[in-house]
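Given only the sequences and the hints, what does the whole structure look like? Please build it.
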Amino acid sequence: KQEVTQIPAALSVPEGENLVLNCSFTDSAIYNLQWFRQDPGKGLTSLLLIQSSQREQTSGRLNASLDKSSGRSTLYIAASQPGDSATYLCAVLNAGGTSYGKLTFGQGTILTVHP
Amino acid sequence: KAGVTQTPRYLIKTRGQQVTLSCSPISGHRSVSWYQQTPGQGLQFLFEYFSETQRNKGNFPGRFSGRQFSNSRSEMNVSTLELGDSALYLCASSLRQGVEEKLFFGSGTQLSVL
Chain A
1 KQEVTQIPAA LSVPEGENLV LNCSFTDSAI YNLQWFRQDP GKGLTSLLLI
51 QSSQREQTSG RLNASLDKSS GRSTLYIAAS QPGDSATYLC AVLNAGGTSY
101 GKLTFGQGTI LTVHP
Chain B
116 KAGVTQTPRY LIKTRGQQVT LSCSPISGHR SVSWYQQTPG QGLQFLFEYF
166 SETQRNKGNF PGRFSGRQFS NSRSEMNVST LELGDSALYL CASSLRQGVE
216 EKLFFGSGTQ LSVL
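Which chain is which? The protein sequence lines are A and B, in order.
The letter at position 30 of the first sequence is residue 30 when you use our numbering, and the numbering goes up by one with no holes.
Every position in the second sequence, counted from 1, becomes a number in our numbering once 115 is added.
Rather than coming from a laboratory, the hints here were simulated on the basis of the structure.
Heads up, a few of these hints could be off.
Calculated cross-link-like contacts (lysine to any residue; reagent style SDA-like; alpha-carbon spacing at most 20 angstroms) [to be verified]:
1. A/K42 <-> B/G118
2. B/K217 <-> A/R55
3. B/K172 <-> A/E3
4. B/K128 <-> B/S227
5. A/K102 <-> B/N171
In structure tokens:
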């Protein structure tokens, strides 16, 4: 059974800092890994999707890496801003099935960026 | 293009009642998935529908059911509500493009069971 763990559970940083969020998963047989952002009481916004054959993806100030063999992914946020404050969720899609909607989520990292 | 639309946004029910939640996917998306989010358990997969057929189901009791219509709109139903069913219910739709299948989530329905 796939299990996803995110560290740290919460993080508070001053504006402008570069930061790293960590995600680990127990079963390396994944199809892809996604990072999402969730604002309080809202739905999820997809930030980055990394296919199992890829090593990293970049979008603006965000960079996500994937090391499938060690079961780890990191989300790097450069030059953090108060608007980045949210919960960041990591989710994996297991390989080998025909269902593409069944993601296994971590518990999330609550990020607070203070001015 | 409109995003995933979930209705209602908020719902208050009492124990023993039943509830139906609705999800309209992004136009052209044929796959719809449902998730339950609680502070204690986080996000848990309920079920996935594709072309009106349930493609996968999570580990939830039979009180939780769903269906998908020919226009890809989906509903989920919870019967005999329990206090523990209080949660944010999220719907996601997806469209496979090449090897990539990205999920797009709605804003959710916040269900409170009293």
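Going down the list of hints, with the structure as the test:
1. Restraint check for A/K42 and B/G118: satisfied, since their Cα atoms lie roughly 13 angstroms apart, inside the 20 angstroms limit.
2. Note on B/K217 and A/R55: the hinted pairing holds, with a Cα-Cα distance of about 17 angstroms set against a maximum of 20 angstroms.
3. The hinted pair formed by B/K172 and A/E3 meets the criterion: a straight-line CA distance of about 17 angstroms does not exceed 20 angstroms.
4. Restraint check for B/K128 and B/S227: satisfied, since their Cα atoms lie roughly 6 angstroms apart, inside the 20 angstroms limit.
5. Distance check on the hinted pair: A/K102 and B/N171 sit about 7 angstroms apart at the alpha-carbon level, within 20 angstroms; holds.
Checked against the numbered hints given earlier, this structure breaks none of them.
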